[in-house]
Structures are given as structure tokens and as C-alpha cells.
Amino acid sequence: MTQMPGTIKAAKMTDTKISARNVQVYYGDTHAIKDVNIEIGSRAVTAFIGPSGCGKSTFLRCLNRMNDTIDICRVEGNIDLDGEDIYDSRVDPVQLRAKVGMVFQKPNPFPKSIYDNIAYGPRIHGLVRKKAELDEIVASSLQKAGLWNEVKDRLDGPGTGLSGGQQQRLCIARAIAVSPEVILMDEPCSALDPIATAKVEELIDELRENFTIVIVTHSMQQAARVSQRTAFFHMGNLVEIGDTQDIFTNPVDKRTQDYITGRFG
Amino acid sequence: MTDAILPNVASAPASATKSRSLLEVDSHTRRRNAAETRFRFYGIGAVLIGLFFLVALLWAILSNGLTAFMQTSISIDLHLDKAAIESAEKSVVKTSKYNEMIGAALEEKLTAAHIETGMPVKDLMKILSSGAASTVRAFVLDNPDKYGSTVPFDLLASSRVDGYLKDRVTREALANDKNLDAAHLDIVDAMIKAGVIAKTFNWSFVFGSDASDSRPEQAGIGVSMLGSLYMMLVVLVLSLPIGVAASIYLEEFAPKNRWTDVIEVNIANLAAVPSIVFGILGLAAFIQFAHLPQSAPIVGGLVLTLMTLPTIIISTRAALKAVPPSIRSAALGIGASKMQSVFHHVLPLAMPGILTGTIIGLAQALGETAPLLLIGMVGFIASNYPAGVADGFFSPNSAMPAQIYEWAKRADPAFYERAWGGIIILLVVLMSMNILAILLRRKFERRW
Amino acid sequence: MPLSLLFASCLLIAALAFLMGRGKAFKSAGGDIRKLHSLPGYYGWNSALMVLLPSMAALVIWLAVQPLVINSSVSQMISTQSVEASSLDLIMSDVRRVAEGLNKAVEAGAMTEAEVSGATAESMNVRERLGAVGVALGSDVSNETLQAAQSYRDLSATSGLLRTIAVLALALGGLVFGVVRTNKDFRARNTVERVILGLLIAAASIAILTTVGIVFSLIFNTVEFFKLYPAADFFFGLTWSPSFGGGSDLGILPLIWATLYISLIALAVSVPVGLFAAIYLSEYAAPLVRSVAKPLLEVLAGIPTIVYGLFALLTVGPLLVDIFGSNGVLHLGWMQGGTAVMTAGLVMGIMLIPFVSSLSDDIINAVPQAMRDGSLGLGATHSETVKQVILPAALPGIVGAILLAASRAIGETMIVVLGAGAAARLSMNPFDAMTTVTAKIVSQLTGDADFASPEALVAFALGMTLFVMTLGLNVIALYIVRKYREQYE
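Residue numbers (my numbering), protein chains in the order written: chain W, 1 to 265; chain A, 1 to 448; chain X, 1 to 489.
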């Protein structure tokens, strides 16, 4: 928390939040993720980049076991969160997802009021006992998501009535309301216009102080802007991971270089 | 933006959750998972209840209906004496003379089998169907060359005896029955031992005609099956071309305007109008107004056509919609007219889907009862085969479901067995139609 | 000329026109079809259509109008005394029957044409003579009827002749017109296609005609009924006891009550079971289970209602009596006979399970996956996701589905005819036998009821009520479902 935003070198691997070893993912007969090893640092933004279909989203969804909801998907290997294997049979995915929240590609507010959208998580996880506590969580989550001033007068209005960028920030606020430790973001800006994107990026940068953030993006500029570390995926392989600056200025692998310079992608 | 409040976010309950290890499940989560399991079991329960009802229904149908396919008959040898036949034909009530002949032959048969009857012949005859005499008479009139010879007959037993052999009629139940009493059953028992009486496959149920209230053993569903067939022909001939034409117009040509909207909403609503209302329409329009013959399959077919049209139009439009626009553009691109592109390319490609929808529509129409009751296709009018094809369309007939309804209404429980048996036949026909539809879809299904 | 022969000759002329039109087009192009505007077949079809369209239209119109005209001119011959003694309809049907009988007699050679036209009731026993050729008459034929029948015959014969001439003339005229118009520059395809388009539009309009027919046949007879029976008594009467001798009480309320009661029980069975089954099959079940259980449940929807009716009458009814009857296992004595509101409602509920479940299944599947992901990603359990996100999102669609099911239940006939009972009753006890609107439509219109009596006509008023109720439900339901679909498209 003492690190200054923007000092990228200082963000380098203070302590490991998530570590994955020998992760394989299969969709039916397709081998989608091949032997990925990665360490994700606490309270920093890690970006996954790579051409589409490279497996970066699939791997992201392994981190809070969202892949469990897909029948034909099979995950092998170890993924530890704070040293505990999240694929251990004793782990309840419901509790895991309370710790590891997720924001999706397309804003997906529930067809409920703005208030109920935020309150949904705290309610189901039993985080509050009194209405006042819930009000406070809703307010603070919206404040942290930078949405409070825009919606404080219409908390009872439908969440689907907001603009695209507001909807995505609502979804981020919804994820924050559960007080997760990690937030996974799957191309959160791909459906937004540049102005809305800038706002969300600014928000991500602020959230880094309290949350570990993993973001999948197809935009290299975005990765460069918001992340401290970047991992490059290609054809289901993790090709290279390192400090964002190093990856973009001085890639080790030929494939990374080709991708960054725009030879394919 | 909002840094000031940040340190307070992790309020007490939240941080408590945070610090806990993932490997232990807390009590709140355990409760939630229990609710999850309960919810899942409600779902399984609902599916099982649905399936249970299906099984119960099928069980009721099969256990009650299969017996209708077997019928008890008594074999006797009847000497066709020419003089006796001639005198019978001259008398006023011809069948009573034949009854005497049959009675004598039956008694002879029993004596030969060493069965003591101890009752007058007239009483003994109650074992046989009251239709036995006319069966013999019909045979005699058809085969004058058999006069003077002895002919073996398998005559139907009365419905009570038939019920006794099928365990439907018990001795206790006969206590108040004036048609048959326990003494008859003793004779029947002896006849079973002697092999004079036996159950055989009941062809006359499948192919025969309906019989009057007092002779359930003779009732068959064959004639009303034919009635259903004629109706289905009418429905097929009318609803397929009209339905396809209407769908082509709505899907390919109709401009998007108010009139088209009216037609669309109208079709969707017609599909949900109760079938009995179509019966009222048929009664008022075809019989009251157009003076078409009552109870005729042609009228039934017309009513069912109007009823099935919306279903066929909806499925045909879906089939047309499934043909990709690229096919149309390709045809138009080489200079075909819009009409040619539809009739040469789109329609043939949509045909399997259209046929599947039509078969399913026909199956629906085949099982429909209520509208037929209103146009008079009920009662024991299905008692004679129509004389020819025109007669088949225009002379009064019943239909399978209406015949089943008719049997269900009658007082004698022996008819219930017929009703269930009729249902088995109806369901077999419907099942074949649906299987045909599935096979068609499988064979021609095309994914674009 | 008989109808079938006339029809056949029109077809023949059309075939001739086809050949001539095609031949002429060929010739005008000098045998080179590249010089033709359209393919040669279109020229043939054009000429054939020019024959068929006017002649068939004339034939149809003639067939519709001729009986009306003849009827009205013949019925003027019937004196007012006879009309008062009987009714015009009955006399006219006698007249038609006698006329048909005379035709038959002439055909069979039992009478000569001269005999028929010269016959009077005094000079000939018409009933006996016609009986000899197999036309049975209910009573002796009066002189008046006989004369009317003779004039009916004459008019029919004349009109038949005129019809033949008119239709054939139109057909031949069409032939000439079609063929003359044919030359190599004539746009035959466009004309033919315009006619086909007209036919397509006509086919699409049949749906409208059906609705118009339904509305007219209901309104017309309902108005007749309200002339004989006060509308207020019908809509607000608390007793239903028709007696065909007259003096009936025809209040609809007991019927409406039973209809709604049975529908309510049916929905109470089918909605929870159907909805939970749909949720389980679309959200939880493994693909294999789904692919087996879903079609099996839908078998219930394909079974004809008569089967359910029999099931109610012969299986469920007796079973319920064994449980709730006075000699039943519970010794409650609530139920007197097998037919009851509960019997019909329960069986109807079974019938509606697949209806509710497949509609709900569609609707639940239409909720975007993103909603589920959003909820699951926050750590909601699957059931929490279903209850708090998917069902609220799908609610309008599900309400629409339930309304459609309710409309089905209200309009269902065979189950209530066989399972609910025949006596109208206003009772709260679901184990009492009651009777519904649809069941009474059937019972008032079957049998040998006099079609003009209020006891028969009431069925149309009942039908009208039923039509309005179900139409209202359908319109609302379809509107809701449509709006719901648009929301996620």
C-alpha cells in the first residue's frame, strides 16, 4: 500500500497472491491450455495479452473456477490462492468466488435496480445484518467505482438504464461490494467507447491499491497503460511473463516480439 | 477519486470472511449449499412427477386396453338344414329361428363334451352373444352352396362371459345381474376345460364396426378408423397447399404493413382458440348455413383443416425462415424473378421442414374430439362401412376419438375395455406419425 | 349438365388453352424461344388461367347464390297459414326433400317427366310413390308442398341450364381472349406471377376469414338467443337448469365458477411441476438426462385430450373416491362420485405440465448466459442465481406462459365432459361434481335438440363467452411474450 502508483519497478512481486503450476485445460478433446506456470503478485495489475483464441480468457476463468459451469471443461494441475489449492475437493467454489470476483467482457447488470445490483452479493453471502450496513456497502462500493455521483439520485432506477460505461463500472462496483481479494476482468473495455474506457482504466489503477487485479485484454496499449506485469499467451501456451515495461520494450521470445510489433494478432 | 473512505471498506463481517481459509466451509455457506441441494431435489422431483404421470397414464391404458384385442368365442358345429333355413327366412322374426338352430347345436356340443347344463336352451343361449344369430344368417345367405353340410362356427360369447374369462366379471358381481348367473359360469368353467370356449385375437375389434348398446362384444373401431382416414385426407389436401401458400406470402412477399400485422396476430391467436369454438364454427357455417351433410367426414375434415391451418402456417414459416437469404440472393442474382426464386429454390429446401410440421399438425387433428361432437360425428353411426369413396366423404361416419368418447359414455363397463383398446390403436397411429416426422427431420435436416 | 362434368369440361378447355397459347407463342417467335419475353410454358399457363379464373369464379358464385334465390322465390308460394302452423324452415326442407325425391323417381324410371309435372296431391299419393324409390317422407305431402316442390324442380333445372351456359361461355371467352393476346412480346410471366400472388394472398386471408366466420357464427346465434332469453338473466343467473320443455334457467355463473375452479386446480398442479421441471432440465440436468426426459415429458403434450378424459373418468376418479369417498381409506366422505372438480382439475394439470414446462424452458433459455455468469462470478450458488436473477428476468415470459396455459385450461373440453360431472353447482367443495362452459356447449348442441330453442342457442352464447375469455387471455399473453422476446433479441 505504500507503493506509489506509476513506479512500476517497485510493484514487482512483493508477495505472491496466486500461483499456478502445470495447469492444463481441456474442452472435450481440445487441449486449450498447455502446461501454464505463473505467479501473480498481490496488489498489482497483471495483464494477459495474446491473439484471440490463445486461451487467455480460459485461463482467467480457471482462477475462480468459472470453468466449472461448463460441462465439457476439465482442469488439471495446481492453482494456489494464498497457498491453498483452489481445486482441492474441500474448497467450495461459492466461497472461492467471494474471494475472487469477476467482471465480464460485456456489461451484464441484472435486470434489477442499481441498489439491488450492488446489494446482491453482500446479501447472498450474508455479509450484513442490518439495512444500514447494506446501505453503507452500496454507497462505498459505488464511490470506489467512481459511479456514486452519477447514480446517487436514482439508486432505485434499473441498472440496465445506464450507459455502457456506467454499466461496466456498476458491474465493477458489484464485484467490489463482496470485498474480494482478487478481481478478474475479462476484456472489460471491449464493449465500451474510448471515453468510457479511459474512466474504467483510471478506476483499475485506483483499485490496485486494495485488490489484486488480473485483466485480460486484446489491446496492447491498454495492457501497457494499466498493468505492472504482463503475460503473453499464444496457442494455449504461456510464452512469456515479465514486467510490463520489459515485455513491451525488450521481449525475450520471438513470438512476443512479432505480436507486439503487429506481425500477427 | 474516493480514496478517503478506502480503509473503512473492509468492515467487520467482510474481513471475518476474508481471513478464513478456503479449505474450511463456514456455516453460512453450508446452509446455502443445503438450500442448493434442496432446490435441485425439487427440480428432480418435478421431473419425476411428470414422468410418473406419464407412466401411470400408459399403465392405465395398457392394463385396461390390451384385453380388448382378445375376444372369447365358442366353437359349435352347425348343420345347415335347407328346410330349416327356408322356414326361418319365411318367418317374421328370422333370427329367432336361427337362435333355435344354434341353441340345439350348442346343447349337442355340450352333451358331447359331457357337460351337464341343467337349464333350458333359452337360458343357456345367454352365454352366446345376442348377435350370434345374425352372424350365422349372414353366413348362410352368402354361402347357399353350404346347405346340407355341417359347418364349424366360432360364435362370440356374450360380454359377461368374455369379461369372466378376462377376470373383469366376478361371481359376486353377477348376484344382481339378470343377464347371467353363477350357474352359467359353472358351465363356462366346464367348457374351458373341454376346450369348447377360448380367447382368440380380436380382428373384428380392429376392423369391425360399432354395435348397439347391448352387444359390446361385437363393437369394433374399423369403420370409425376409416372415417378418421377420410377426414385426414380432406385435411391434408386442403391444409397443406393453403398453409404453404399463406406462409409463402407472409414470409416472402408480404409488405410490412398494418394488414400483414393483422394477419400475423390473427394466426397466432387462432392457434390458441379452444377447439370447441371451431366446432361451433363448423356447425354454424357448414351445416346451418351451407347445408352440408351432418356427421359427414367432409365437414369434419373442413373443421379440422381450419383448426390445423395456424399450426401448419407457423411451422411452415419457421421452415422458410431457416433457408438462408443467400439462396434467395443467388437466384435473384442470375435473373430469376422473385416468384421463381421462391418456387425453384426456397420451397424445395424448406420442404422437409414443411412436411414435418404438416405431419405433426395432422396428428393433432387426428386426436381432436370436441369439434367433431358438435357436427354430429358421434353416436353409433359408425355401424356400416361406406359403400364407396364418395360415400366415405359424404355419408355419416364417426372418427376414432369420437368413437372412443361414445364408448366411454355407455353404461356397460364392457365398453370401457373397448374405449381403452381404441386408445391403444389411436396412440399407435399417432406414434407412427410422429416417428415418421422425426425420421423425415433426421434424414433431411440441414444445418446452414 | 352435372357439376362434375361441367368442372371437367372447364379443365379440358383450360388444357386446350394451355396448348394453344404455348403453340401460338412459339409460332410468333418463329420457333426461337430466345425471342420470347417469357418461357413458353408461361404463355400456356396464362391462357389456361384466363379460362379457369372467370369460369370457376362464376361457378362458385352461382353455387352460393342459386339456392338463396330459388329458396326465396319458392317460399313465396307457401301460404302464411302453413307458415304459422309449422315453420318456414321445416316446410322448405320438406319441399327440397320432395323435389329431390321426384328427381330420383324420374332417374330411376319410376315416374315420367309428364307425370311429375302434372301431379297433384289428389291425383297421386306422392309419399307412397317416393317411398318406392327409397325416399322416405315423414308425412303425407300437401298440395301446396307438392306444387312448391315442382316449381323448385323447374327453377333448379332452368338455373342449372343457365349455369352451364354461363360457365362454358366464360371459359370459351377466356380461351379466345388468352390466345389472342399471346404474342412474342406479351409479358406472360408477369401476368401469371401476379395471379399466383393473388392466390397466395387469398390463402393468407383464409386465416382472417376463419376468425370472421367464428365471430359471425357466434354473434348471429347469440343475438338470436338473447331475443328469446334475457341477457341479464344469462350473465347474472345463479342457476343452470335447462329443460327442453321450456321454462329453463340458463344462468352462466355456475358454469363460469366451475370452469375457473377446475382451471385453478389444473394450474396449481401444472405450474409448480412444469416450472421446476423446466428449471431442472435447462439449468441442472446433464445433456443425456435432458435429451431423454424432455421428449418423454413432451409425450404428455402429444396425447389427445380424449385419452385424458378417459383417464379421469375411469382411473383418477375412482382412485380419488377410494381415498376421499365415504368408504375411502381416509373415511372422509367428501366425495360422492368419481366425477368431480378435483378429478378434472388434476388430470388437466397433468396435461398442462409439458405445456408449461416447454414454454418456460424456452423462456429460461432466452435469458442471456451473461446474467448467469455475472451472478455465479459473484459467488452465488446456482439456485440463488436461478431464484434471484434468472426467474425475475424471465418473469414476464413465464407469466405469459401461465396465461396461455390458463386459456388452454378454460377452453379444454373432453376432460371436463368426461371427468367433471354433468350437474351445474355453485359449491366450494372441490370434490363435488360440477360442470363447465365447454361441457355444456357439447351437451346443449348434441342430441336431437330443436335448433331454434333457447336451450340449444344458449350454447352459442356460452361459446361467445368462452371465445372472449380465451381471446383476452391469449392477446395479453402473446403480447407479453412478444415484448419479452424482443427485450433479449
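Worth double-checking, as some hints may not be accurate.
[What the hints assert, rightly or not] Okay, the calculated bits of chain X under chain A, using three or more residues with CB under 8 Å as the criterion: (1) 161 to 169; (2) 335 to 345.
[Stated by the list, open to error] Quick list of in silico lysine to any residue cross-link-like pairs, SDA-like style, CA-CA up to 25 Å: (3) LYS294/X - ARG31/A; (4) LYS130/W - VAL25/A; (5) LYS130/W - HIS28/A; (6) LYS112/W - LYS387/X; (7) LYS112/W - LEU403/X; (8) LYS122/A - PHE52/A; (9) LYS256/A - ILE476/X; (10) LYS131/W - SER337/A; (11) LYS443/A - LEU430/A; (12) LYS321/A - VAL195/X; (13) LYS99/W - LEU430/A; (14) LYS166/A - SER75/A; (15) LYS166/A - THR200/A; (16) LYS443/A - ILE476/X; (17) LYS130/W - LYS178/A; (18) LYS104/X - LEU36/X; (19) LYS443/A - HIS345/A; (20) LYS106/W - HIS382/X; (21) LYS227/X - ALA290/A; (22) LYS338/A - HIS382/X; (23) LYS112/W - VAL237/A; (24) LYS321/A - SER243/X; (25) LYS256/A - ILE196/X; (26) LYS184/X - PRO255/A; (27) LYS178/A - ALA245/A; (28) LYS294/X - ALA271/A; (29) LYS256/A - ARG194/X; (30) LYS99/W - SER130/A; (31) LYS387/X - PRO93/W; (32) LYS35/X - SER337/A; (33) LYS99/W - SER72/X; (34) LYS387/X - PRO251/W; (35) LYS126/A - PHE52/A; (36) LYS294/X - SER75/A; (37) LYS184/X - LEU168/X; (38) LYS409/A - SER243/X; (39) LYS106/W - ALA370/X; (40) LYS256/A - GLU193/X.
Just so you know, the hints here were simulated from the structure itself, not pulled from any lab data.
Ideal placement from N, C-alpha and C gives every residue a C-beta, glycine not left out.
Hint check results:
1. Residues of the segment 161 to 169 of chain X lying with their CB closer than 8 Å to a CB of chain A number 0, which falls below the three-residue condition for coverage.
2. Beta-carbon proximity to chain A at under 8 Å applies to 0 residues in the segment 335 to 345 of chain X; the threshold of 3 is not reached and the given coverage is violated.
3. Annotation: proposed proximity of LYS294/X to ARG31/A is violated, straight-line Cα distance about 31 Å (limit 25 Å).
4. Straight-line distance between C-alpha atoms of LYS130/W and VAL25/A comes to about 24 Å, which keeps the hinted pair within the 25 Å bound.
5. A C-alpha spacing of about 16 Å is found between LYS130/W and HIS28/A, which places the hinted pair at or below 25 Å, so the restraint holds.
6. The hinted pair formed by LYS112/W and LYS387/X meets the criterion: a straight-line CA distance of about 13 Å does not exceed 25 Å.
7. Taking the CA atoms of LYS112/W and LEU403/X, the gap is about 24 Å. The hint holds against a cut of 25 Å.
8. This hinted pair does not check out: LYS122/A and PHE52/A have alpha carbons roughly 50 Å apart, beyond 25 Å.
9. Taking the CA atoms of LYS256/A and ILE476/X, the gap is near 22 Å; set against the 25 Å cutoff, the hint holds.
10. Under the criterion of a C-alpha separation no larger than 25 Å, the hint pairing LYS131/W with SER337/A is inconsistent with the structure, at around 68 Å.
11. Under the criterion of a C-alpha separation no larger than 25 Å, the hint pairing LYS443/A with LEU430/A is consistent with the structure, at around 20 Å.
12. Annotation: proposed proximity of LYS321/A to VAL195/X holds, straight-line Cα distance about 24 Å (limit 25 Å).
13. The straight-line distance between the Cα atoms of LYS99/W and LEU430/A is roughly 56 Å, outside the 25 Å bound, and the hint therefore fails.
14. A distance of roughly 18 Å separates the Cα atoms of LYS166/A and SER75/A; the hinted pair therefore holds under the 25 Å criterion.
15. Distance check on the hinted pair: LYS166/A and THR200/A sit about 12 Å apart at the alpha-carbon level, within 25 Å; holds.
16. As the CA atoms of LYS443/A and ILE476/X are separated by approximately 39 Å, the hinted pair breaks the 25 Å bound.
17. Of the supplied pair hints, the one linking LYS130/W and LYS178/A is violated, its CA atoms being roughly 80 Å apart against a limit of 25 Å.
18. Among the hinted pairs, LYS104/X with LEU36/X is inconsistent with the structure: their alpha-carbon atoms are about 54 Å apart, more than 25 Å.
19. A distance of roughly 19 Å separates the Cα atoms of LYS443/A and HIS345/A; the hinted pair therefore holds under the 25 Å criterion.
20. Using a Cα cut-off of 25 Å, the hinted pair LYS106/W and HIS382/X holds, with the two alpha carbons roughly 21 Å apart.
21. Under the criterion of a C-alpha separation no larger than 25 Å, the hint pairing LYS227/X with ALA290/A is consistent with the structure, at around 24 Å.
22. A C-alpha spacing of about 50 Å is found between LYS338/A and HIS382/X, which places the hinted pair above 25 Å, so the restraint is violated.
23. A C-alpha spacing of about 52 Å is found between LYS112/W and VAL237/A, which places the hinted pair above 25 Å, so the restraint is violated.
24. Proposed proximity of LYS321/A and SER243/X is contradicted: the alpha carbons are some 54 Å apart, above 25 Å.
25. The suggested pairing of LYS256/A with ILE196/X holds, with an alpha-carbon distance near 20 Å, which does not exceed 25 Å.
26. As the CA atoms of LYS184/X and PRO255/A are separated by approximately 32 Å, the hinted pair breaks the 25 Å bound.
27. Between LYS178/A and ALA245/A the CA atoms are separated by roughly 61 Å; this puts the pair beyond 25 Å, and the hint is violated.
28. Distance check on the hinted pair: LYS294/X and ALA271/A sit about 23 Å apart at the alpha-carbon level, within 25 Å; holds.
29. At roughly 19 Å between alpha-carbon atoms, LYS256/A and ARG194/X fall within 25 Å of each other, so this suggested pair holds.
30. Taken as a hint, the LYS99/W and SER130/A pair is broken in the structure, with Cα atoms around 84 Å apart against an allowance of 25 Å.
31. Taking the CA atoms of LYS387/X and PRO93/W, the gap is near 19 Å; set against the 25 Å cutoff, the hint holds.
32. Taking the CA atoms of LYS35/X and SER337/A, the gap is about 18 Å. The hint holds against a cut of 25 Å.
33. With a C-alpha separation of about 89 Å, the suggested pair LYS99/W and SER72/X falls outside the 25 Å cut-off, and the hint is violated.
34. Of the supplied pair hints, the one linking LYS387/X and PRO251/W is violated, its CA atoms being roughly 49 Å apart against a limit of 25 Å.
35. Only pairs whose Cα atoms come within 25 Å are accepted, and LYS126/A paired with PHE52/A is rejected, the gap being roughly 42 Å.
36. In summary, the hint linking LYS294/X to SER75/A is not supported, as the alpha carbons are separated by about 50 Å, beyond the 25 Å threshold.
37. Between the alpha carbons of LYS184/X and LEU168/X the distance comes to roughly 28 Å, so the proposed pair goes past 25 Å and is violated.
38. Straight-line distance between C-alpha atoms of LYS409/A and SER243/X comes to about 21 Å, which keeps the hinted pair within the 25 Å bound.
39. Note on LYS106/W and ALA370/X: the hinted pairing holds, with a Cα-Cα distance of about 8 Å set against a maximum of 25 Å.
40. With a C-alpha separation of about 20 Å, the suggested pair LYS256/A and GLU193/X falls inside the 25 Å cut-off, and the hint holds.
Comparing the model with each numbered hint stated earlier shows that hints 1, 2, 3, 8, 10, 13, 16, 17, 18, 22, 23, 24, 26, 27, 30, 33, 34, 35, 36 and 37 do not hold.
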